[in-house]
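Asks: Protein chains in written order, with this note's numbering: chain A, 672 to 1063; chain D, 9 to 278; chain P, 4 to 331; chain H, 403 to 751.
No wet-lab data here; the hints were simulated from the structure.
Do not rely on the hints blindly, as some may be mistaken.
To be verified - Facing chain P, according to a computed beta carbon distance under 7 Å, are these residues of chain A, among others:
| no. | residue |
| --- | --- |
| 1 | 760 |
| 2 | 789 |
| 3 | 790 |
| 4 | 793 |
| 5 | 858 |
| 6 | 972 |
| 7 | 975 |
| 8 | 1016 |
Beta carbons: idealized from backbone N, C-alpha and C, even for Gly.
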Amino acid sequence: MKPWKQRLILWGMAVLLAVGWLWMPAGADSARAEEPYKVGAVFSVTGGASFLGEPEKKTAEMIVEEINKNGGVDGHPLELILYDDETEPSKANLHVKRLIKRDKVPVIIGPTTSGNSLAVVSIAEQSKVPLISCAASYKIVTPVEERHWVFKVAGSDSHVVGRLYEYMKAKGISKVGIMTSSTGFGASGREELQRLAPEYSMELVADETYGPKETDLTAQLTRIREAKPDAIVNWSVGPTQILAVKNWRDLGMGDIPLFQSHGFGSRKNLELAGEAAEGVMLALAKVNVGPLLADDDPQKKVIMEYTGAYEERYKEPISSFGGHAWDSLHLAVAALDAVGPDPAKIRDFLENTKGFVGQHGVFNFSAEDHNGLSKDDLAMVVVKDGDWALAE
Amino acid sequence: MNRSSIPDGEVLNSMEDSDPILTLEGVGMTFGGVTALRDVAHEVPAGIIQAVIGPNGAGKTTLFHCISGMLQPTSGRVLFQGRPITGLPPHRIACRGVSRTFQHVALFKAMTVLENVMVGRHPRSRSGFWAAGLRLPGMRREEKRIREKASEILDLVGLADAAPLAAGTLPLGKQKILEVARALATDPRLLLLDEPAGGLNMNETEELGELIRRICSDGTTVMLVEHDMNLVMEISHRVLVLHYGERLASGSPGEIKDHPDVVEAYLGGG
Amino acid sequence: MSPADRRLFFLAVLFLAVFPQAVSSFDAVSHYVDIMVFVGIYSLVTLGLCMLMGYAGQISLAQAAFFGVGAYSSGILTVHLGWNPWAAMVAGAVVAALLAWAVGIPALRLKGHYLAMATLGFGVIVHIVFKEEGEWTGGPSGLVGIPPLTAGGWELYREIHWYYLVWGTVLVALLFCFHVIRSRVGRALMAIHEEEKAAEAMGVPTARYKVQVFVLSGVFAAVAGSFYCHYVGFLDPNSFDLMWSIRFVLMVMVGGMQSLWGALLGTALLIFAGNEWLHVFAEYEILIYGAILLGVVLFLPSGLVSLFSTHRFSRKSPGRAREPAPEE
Amino acid sequence: MGARCRRDALPGLVPCAAARALGNVHGALPLGTSRASGVFTGVPPEEARRGGLKLEAAFLQYTFSGLTIGAIYALVALGYNIIYNVTEVINFAQGEFVMLGGLFAVFFAGSLGFPLWLGFPAAVAVVALVGLAMERFVLRNARNATVLSFIIITIAFSILLKGTAMFAWGKDPYTLPAFTSGKPFFVGGAAIQPQALWVLGIGGLVVAGLSLFFHRSMYGKAMLACADNPAAARMMGIPVKRMVLLSFVLSAAIGAVAGGVITPISLMEYDRGALLGLKGFGAAVLGGLGQFPGALVAGLFLGLTESFCAGYLSSGYKDAVALILLLMALFFKPEGLFGSREAASLKRF
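Next up, chain A with everything else stripped away, as it sits in the complex (with noise of 0.2 Å):
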């Protein structure tokens, strides 16, 4: 190489990062002559989980410009600071570092994934700073003794399990066959669909997982039908819902119903799935389905209106996922409302709000209960005519 060559990368290198350094966010210390209100947030915009995380990113910075429209919180403006984990909890454990170290937020939203949840709630226990997951495994909030700090809004899978179990009884269904996908996702409603049969006098007669890349699922309905099941759950997310759909309507067993997780409830997947998904039973929150829900329903004024605000904005439907921010920000916000910006004082206020009318249910937290939602939050939904539709 030409020393002059060298030279001039090496100075087109050193230009490269003065300009990242100055381009980075300006440090908490910028004193403002409004102090504004933080509020933390680690989504997973980008990477595996992108489809639940960009949502709720949108989600959150409506809510934010709406709030500071009206005013702000107590006076102050709202300030927002947003990390993307990329679905990487090696990421998402920085980013809540920088959140609490540098950025000296008092409340934190997110991370969107049970995993990347799980990576954080030990610094947020350290650091003594509240953190409100989006994600929904159960373990992010027990046992409750040791997630002082740590709340989360998403339903939990034995919610929506428990939903669909007490439904099958209800239909005289006790023979469930049950595939899910080798994936966070998949693996935690299998635990529950597995942990919760017994309690419904269920009986599992097949239980069949596969890869979330799957090209082809004959292999895995092939023999649940085999098992003679009276129904099946299928439990994934991505394409492989779709093709569970598709090859269960291809191999003829539309005579035995298919229940599917609450991941298939987005509109995008009625539309892949077409009329193989007539039939199709789910248990959703009740965001999803808005329209449908009865005018005295407690929730259906908050999930209308964000559903205007939110179609209207971005031009494309809503999805449950971007609830959860809806959710978690506004009971990071109630929080600094009522009590200012102070960790133990919203960790205080948080374990003790009842009531608070979400987009994903009506939350009740407790001490022993840091997630404050029920199974009674979801509705049951059967696909008909190529729209959802209440199930009785």
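Following the hints, put chains D, P and H in place on chain A, whose structure we already have.
Replies: Below, chains D, P and H without anything else, positioned relative to chain A:
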């Protein structure tokens, strides 16, 4: 072809009483139907310079590969100092005391001249990963000895000045010499030189001839594949002629020069 | 270790020692210490890979698997069997060494593309095992409840402790590698890289050395994995997938695989880029990775270190990295 | 709504108890070994027959789905072989061609509304252009690159393709209508989708076309000559550069064909390429790298093995099976199950 036209056994016995350092017993090599060597039998007495000549494609390099373990002969066996070495991997054969150079220079081009020769000391040293990584005292002493020995050899071949240069930057003639130096560093009992004079000018060839003589007089048996007939005739004690993979003749340079089969093979087979 | 490398080494020690103090006085970069812990952990992996790729000339697309073996060994032994974390770390290194040895013997007989595919396939298989053996590994949901590392009675919970522990280990490993390189073994490795046949003819047991350096890289990765396990406190199979193996190769190549300093530089650059600077690009990150990789291979095959004075950074005389020296 | 569910979606909630019991017997048995259910005493013969038929149906089902995906693996393997034969380079981006083929087919036939007979070839053509660009603008610039560099370059290119696809199409999966509509039909109790026949048919056509090309046409013969001895080929006046270019175009096109035909069955999204590529490589190695008939047989074999593994052993380890086969082949028989050791020893490994 009549392969016993020269009764070399007698000649050998009259010349050398010692056991042969290398014995080839019916060595044959085929590559997917093509025969490169057929039933070659030969003995190399210790302490001599043995040339192997023959037209292109006669199987000379293949023979070297078979001796040094780069190729496994498809039939027959090779004995070194009376013990079979067929089937041993090349590095084990090198440890036994057979070293070689390559027809197409195969130096470690990015390493320095000195380092190249130091690699050659590998079979005569022992410290492994742990000793090296932890810099144990034994390893440091050994490292010093390796360096000294390598410098000594570079002195011997006249490359001492080039020691810190990258091997790939040397002119071809020096690279050829460096290959010999690297091979010498293994303390070989038998040194196989594959066309060492290829690409060298007259002066360099002469120096090389001197070097080979010196190596031989220091007690190392040298086997040499070479096209430069002047060099071969000048320095070698015995000559083996291969033709289409078969042993055509063997004898002293004088005998070979006048041998009718050899003359015919060279003129006819070119 | 050459005098230049020794000077650099002392500079590096000095820099690393004052780095935490230096950044902690600025709020805007105070979290750089946390990032540096990750840089240190991944540097252990890339140092091993650099020995394997840059010096012995053998590619491996399975380093994330060894990293994962170390991490999961630590995780499983401490969570399920209640082992002492340090004992688990040693066990993880032993398991990785055995695995590298068992896979290395047949795999390293292969060359080039075949070796790449074989290691890639092995890495993917290990990843599948992490996902499927849920009873032990926690499966795709991940392994939780990993205890923190304790040293002499007190817990390692502050970043600064981790920083010194990890970087201390990296420096020891770096020293070890430098010593190996400047020895009989190192010369043999480089000889294998350059002319395997000739090395073999000079008495170098090439197969054994290749397996040994593969084992070395596996052990380094496993120790790094153990650190990762206790530092993050949570294991997710996706932290050990193919993309990470490719990233490790990328780190080594960007820095310059012919130099151990290059491995450190590449690791630091890519980790900082991924966590700090590339955020601007968010979704574009994958494209940028591909472009960097392509650009480096096409235009800067000896990596960033080749931009600096060649005498100081690159190994004694790295073929393509250096202009031919004038003949005597 | 509830009424609808009860009537349509949940019929047969009270099947005959005996059948259920039988179902459980079979559920608990290792399915692959108990075709003859009659051996169990106390099982009524009629039920036994039904059970036996079921097992047969399952076996057939696994066979069909195995053959379908196997055909795709075989096509991917052919792609590897073509490039390898001419350049001795393994193209790690081969799987991405499949992904691109599928997504471009969706783009042309779905988004632009082309008729399928036009959209599908258009997709193949575009991907072939991508292959051309890869060779012409990237690989050709790396003239003195080492094997290692080639590996990294093709990996880097695959990352770029994947990233670009993520931008163009996002992360959602896409589907394509089947080439011919129609309900699946049943053979021996196993369901066959019409699209599976298209996969096998088009796969067969590609193989036949390729063998004609390589053994009858001048171009094909010239390409094979380059593979045997590039120097000699150059001396004989064969434009080796153009042949290398052609090999990338051809191989990208074949990958695209595979992607286009499989998308109606398995959907397609941006990150599907790597695994398909890896398994296709497995088929190529099993069949003996560079061997066309070998790739075909090995691809189908791999598909069947996977399918049976998912059916009879463990669906979670299904992906691992193909890779273990690949490793076994690489470690113990690198010349492939159908290649000869001698031919392989002449190749540059």
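Asks: Looking back at the numbered hints, which does the structure fail to meet, lowest number first?
Replies: 6, 7 and 8
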